[in-house]
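Enquirer: Spelled out from the first residue to the last, the chains are:
Protein chains: 6
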Amino acid sequence: MQLAELSSYAIAELPKATPVVIPLAAMEQHGRHLPLATDSLLCAEVLRRAEERLADRVLVAPLQWLGNSDHHLEFCGTMSAGPRTYLDLLNDVLETFLTHGFRRLVLFNGHGGNDVPARQAIFETRQRHRRRSDLLLLLTTYWALGSKPQEIEPSLVQRQMGHACEWETSMMLRLRPDLVGDYQSLEPISQTMPLEPAAQGWITPDRSQVGHIGNPSAATAVKGEKLLSIFADDAVAMLERVMAWRAP
Amino acid sequence: MQLAELSSYAIAELPKATPVVIPLAAMEQHGRHLPLATDSLLCAEVLRRAEERLADRVLVAPLQWLGNSDHHLEFCGTMSAGPRTYLDLLNDVLETFLTHGFRRLVLFNGHGGNDVPARQAIFETRQRHRRRSDLLLLLTTYWALGSKPQEIEPSLVQRQMGHACEWETSMMLRLRPDLVGDYQSLEPISQTMPLEPAAQGWITPDRSQVGHIGNPSAATAVKGEKLLSIFADDAVAMLERVMAWRAP
Amino acid sequence: MQLAELSSYAIAELPKATPVVIPLAAMEQHGRHLPLATDSLLCAEVLRRAEERLADRVLVAPLQWLGNSDHHLEFCGTMSAGPRTYLDLLNDVLETFLTHGFRRLVLFNGHGGNDVPARQAIFETRQRHRRRSDLLLLLTTYWALGSKPQEIEPSLVQRQMGHACEWETSMMLRLRPDLVGDYQSLEPISQTMPLEPAAQGWITPDRSQVGHIGNPSAATAVKGEKLLSIFADDAVAMLERVMAWRAP
Amino acid sequence: MQLAELSSYAIAELPKATPVVIPLAAMEQHGRHLPLATDSLLCAEVLRRAEERLADRVLVAPLQWLGNSDHHLEFCGTMSAGPRTYLDLLNDVLETFLTHGFRRLVLFNGHGGNDVPARQAIFETRQRHRRRSDLLLLLTTYWALGSKPQEIEPSLVQRQMGHACEWETSMMLRLRPDLVGDYQSLEPISQTMPLEPAAQGWITPDRSQVGHIGNPSAATAVKGEKLLSIFADDAVAMLERVMAWRAP
Amino acid sequence: MQLAELSSYAIAELPKATPVVIPLAAMEQHGRHLPLATDSLLCAEVLRRAEERLADRVLVAPLQWLGNSDHHLEFCGTMSAGPRTYLDLLNDVLETFLTHGFRRLVLFNGHGGNDVPARQAIFETRQRHRRRSDLLLLLTTYWALGSKPQEIEPSLVQRQMGHACEWETSMMLRLRPDLVGDYQSLEPISQTMPLEPAAQGWITPDRSQVGHIGNPSAATAVKGEKLLSIFADDAVAMLERVMAWRAP
Amino acid sequence: MQLAELSSYAIAELPKATPVVIPLAAMEQHGRHLPLATDSLLCAEVLRRAEERLADRVLVAPLQWLGNSDHHLEFCGTMSAGPRTYLDLLNDVLETFLTHGFRRLVLFNGHGGNDVPARQAIFETRQRHRRRSDLLLLLTTYWALGSKPQEIEPSLVQRQMGHACEWETSMMLRLRPDLVGDYQSLEPISQTMPLEPAAQGWITPDRSQVGHIGNPSAATAVKGEKLLSIFADDAVAMLERVMAWRAP
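First to last, the sequence lines map onto chains A, B, C, D, E and F. Here the first sequence is numbered in my numbering, starting from 1 and rising by one per residue. Here the second sequence is numbered in my numbering, starting from 1001 and rising by one per residue. Here the third sequence is numbered in my numbering, starting from 2001 and rising by one per residue. Here the fourth sequence is numbered in my numbering, starting from 3001 and rising by one per residue. Here the fifth sequence is numbered in my numbering, starting from 4001 and rising by one per residue. Here the sixth sequence is numbered in my numbering, starting from 5001 and rising by one per residue.
Note that these hints are calculated values from the structure, not bench results. Beta carbons: idealized from backbone N, C-alpha and C, even for Gly. Worth double-checking, as some hints may not be accurate.
[Stated by the list, open to error] Derived DEER-like restraints, expressed as beta-carbon distance ranges:
#	chain 1	residue 1	chain 2	residue 2	range
1	B	Arg1053	D	Lys3016	53 to 59 Å
2	E	Arg4128	B	Ala1247	43 to 49 Å
3	A	Arg57	B	Glu1151	46 to 52 Å
4	E	Pro4197	A	Ser133	39 to 45 Å
5	C	Gln2150	B	Gly1146	19 to 25 Å
6	D	Ala3244	F	Gly5101	53 to 59 Å
7	A	Met193	F	Gly5101	41 to 47 Å
8	B	Arg1053	C	Ser2190	29 to 35 Å
9	C	Ser2190	B	Gly1101	28 to 34 Å
10	D	Ser3155	F	Gly5181	26 to 32 Å
[Claimed, not checked] No more than 27 Å apart at the CA atoms, straight line, and that leaves these computed lysine-lysine pairs for DSS-like:
#	chain 1	residue 1	chain 2	residue 2
11	A	Lys148	E	Lys4148
12	B	Lys1148	C	Lys2148
13	C	Lys2148	C	Lys2226
14	D	Lys3148	D	Lys3226
15	E	Lys4226	E	Lys4148
16	F	Lys5226	D	Lys3148
17	B	Lys1226	B	Lys1148
18	F	Lys5148	F	Lys5226
19	A	Lys148	A	Lys226
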């Protein structure tokens, strides 16, 4: 169900154990060849496919396309909530659903830069409501729900998600080819950072002058369909588990 | 132009005097008969019509559907950024466009509750960049751009915008009749507050138990088309003036 | 009653339905010819006249002369609370009166720059105390309480309040002529902003190099007396309505 | 000079080495017998006497009567800025005078509860402007400027300032006897706290049920004149030293 | 080198490319059998061993034992910085070393709950200093530097770090057996959370009533020595890489 | 008792009237001759001696070596929490012990720069818990607990504590002579500030180019032992009074 299309009265009648899915993405540079909305379009598509199969069993909030994207600000057009504003925004959104009585809240993320603040936000929210024992506050990033695409689809050259990369470009070729520019001439850019497995504070120019990270020239629409399909399956499986969860 | 569909490289090539239009709306209760997305759908439609006529002369950001809606939290499903979070969010968004070099930023608002914080945000932003003399930071609410609909269309029974009212219901009947519930049996609710012209801090239950404010039963799709048309004309005229503006 | 002159024990004995009037003004540049305290002196005078007629039926707090005046900081001497500090200050003051049990709180404002943050503050305060149904939280700006002075007194050349303008200079000529400098040689400066009715984020140098906005050279003490009289009448009428208000 | 009565243009012509005196006080309970404005009235009087002798050599801002008074909130009518708001307010006020180019800023305090936050504020402000070597940021509390009144006037029974005590009541008897209630029947209340010299976080009910701390029944107008005279002398001497100070 | 034991003048003479190691841990409940300082003692020991081999090539700050431990507050004695305070604290500490000119800052972490906020802090710090291209801002958690202990030491029953678990208890048996209580009678508690790989906002009682997570009864001092040795080797290797890093 | 070495279960069994001693110090420049940890080492030693005599009657938290030291940031290596972060940190630490049920909390301070923020923190904490009447929230600075060392030990040339001065250098000569550099050739630097008794916002370069304040060349280990002994006696006496305190 799309929260946006329901009246308040209809939502009030839903069982409060219904999972609320809160999609998060970004509006940020995606290299020379992809539009700013890439993360938002892909996250929405994965969730659209999942929702088709879950029907009225989950309540889907509108996708919050404004993300934690300050690291891309050197690239024109990138929109971003500052780091603390983004934390506050996530906390507030979680809080309003708790106010309404919902107990299973799933941040359904489609932008790497949102991962850390979203973990921080569910941590903070759990602490504020520490007397409750019936809450399930989750962060799921759609490409990190269990499946390893490169094992399923050996033609994939990347082993993990990058940025404006083989994976994202493939999915965009499948979903909105009209918005994809010349990706075939782009050079691959390393996905690893020099000090891994240490975590590093970075901005995009530390890693890529052009904007993408990974290998967009390896993209195909067929790979894109495969990826969308895998991620949608994973999303369905995860949301089924959320529904099956019972508070201890 | 839709920012969301452009690449960062395409945006970087735009003239920096291009107005950036940042649509703001809400995801909040709209009575028994309208969906939570009402403000967002209507604001988007007004702007869609305006943009058609302005073509490549304005850059339109995605609509920020999360608004300043705490006053509706008694009604299930309402999503809201807390008052200070909303101020921060608007400041951050304005700031990122200033970072990118744009100079004419228009908050294009479609939710009454956003009016005060958006004024506060453009004030705060102007102060932070007080050494600049080439900035135009605006807040426009689409139904307050000059035209008085009730003078143009005497069949309108309301003299001003309400909430889930004759005007909004009419426009929804024109735009998304599939999302409009029974509005004909709803009682009118006064649009005035008891201490006007004093401003009053309020929550919706102070004014309406059912959720709407105004007279939804007077709505028709024909009135809706008229309203959308008036508001789109006003938006075009305002944006033309923004383009014609010259810094003193 | 002046809160400042009462003991805590005397205030504790007042009926809690007594309106608390919290005067707000500013300490900011008023052009070449008027002192920084202009807004504070005029707001106090309007309220003094009103209070004389209301006697013990309202509790008047001391005037908070520190306002939201960052837009005047290019002009020497201007004192200002930063935008967020001013919001916090208003929230705290409202909160202390709620702590003491008073239920009808009136921000009585005499500075245009306070209007938006005061609206924000009463909104925020109402949200925090949303379980209450007996609160009346108001913002009134003394020249916007209903009367249109230029209709009552046709000799007025301005149609609305400006800054260090015909209206303010007239009232100062009536109240403190010793503090008024040469106003007769000052050029009129437009009161309208170029993009109205859009709201614009501004600093004073965007509108006036000299500091006043409007037409101070048209001022007379007779006009000033008329204005003070109109505004005091309006204030009395509004406060009578506050006393007559009954929670729904 | 009273900043409030000057125009911005007059202030702009002052030498920037002129000390700016920023009086701070409170609007808080003062027991059964004194009005809420006691601290503000007394601080203003001490400074009025000092200013008479310093003439145009110091610039005196209006007295900020809203203080850090949360510890008195159990007593009706007490107005207070919350602890962090008060810090922000002081920082903002100091900042605006630095913006205007003044270099010698004196917080002239008349409320014990302002002492710690004012020290914190001048510390914070000095850190923000650490590249400057010409700033003098001071906090002075008027009864702690050097003289020991009980050594000068042996009839004083208190050895230090209390609250609504012998000293404050005496000065009020001298200044505004019309605002002083029955003080002669009040019992003395210890001025010491049990764990001194350790500092203790306290609220007034920890120390006094009635509201005063010290011995108001020992007050006389003659003592009051003596105290005001001593404190005004001290203030003059301190401000002379501020004027004589030379940056290292 | 221990920063704590050096004078400011000695530190000023160090090459600014010297890595600064900032150890982070916690002071929080560790079940029935381990002291609150467990994370701090172990992190310090791993770093002590590493520092012995790195000698004067790294500058080691004192260990910040106050961590992000709100999730353990149900257990008496746990000390914690609130989530935002902890973020601020980390940002401030990073900022002071940047002020001093150091360019390679390593948060060396020994508490799982610090991982997310430390990632957030290095992200925020990198954004604030985005004009710099010579900064290396890292977070390393000592048990996640590359080696998989259970592959090296097959006698380990746990496959990853828990809390007051086989691994921590083993290291404490090696380091401070005098502080280890009865661990042999403790039941194992699952290390997995029900919705993995989704991240979940949790407090300790969601996972463990007794306080430990994992299998402390499998601990031995021999395993502890092996773990400390592995982690110290990893730390040395990582810090060597930090020294070898060259800005792009 | 050292909180760090106890298990949560052991702490849970302590009487809640047990005083919790929270040592605060700093990690900041101490001139040419003393290490950054000076304040932390000395505060810890005073408390170690006191604790030996108080045994299980007080619960001692680990020493927070990160202090309010921004005024020393011109000197390399100084670590500091920003002014507001430090306030938050102290509030959070006090809050966690209140959460655990302890009622007598003593900030045991060994750094002058912590004095004002610690007073602010206990004030803020007392206000938040104003319904309680059984709380004792104290700040004690170890050299300001009553004794006047220069009266007891006439060979002391300083009359009060400075910074890296006769007193601190003497104590370090007694405690860690290996960490003391050449102090005998250092010139004395005045301990008074020019505008005393007014409080002044300062940074170290306002007072000392080299870093110390006072007369380190007068230091001896014998004086150091005397000082440590006096301060430990004072600490014991104060903590005995804390234990003897009864809520009114």
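Enquirer: For this structure, which hints from the list above don't hold up?
Expert: Structure breaks hints 2, 4, 10, 16.
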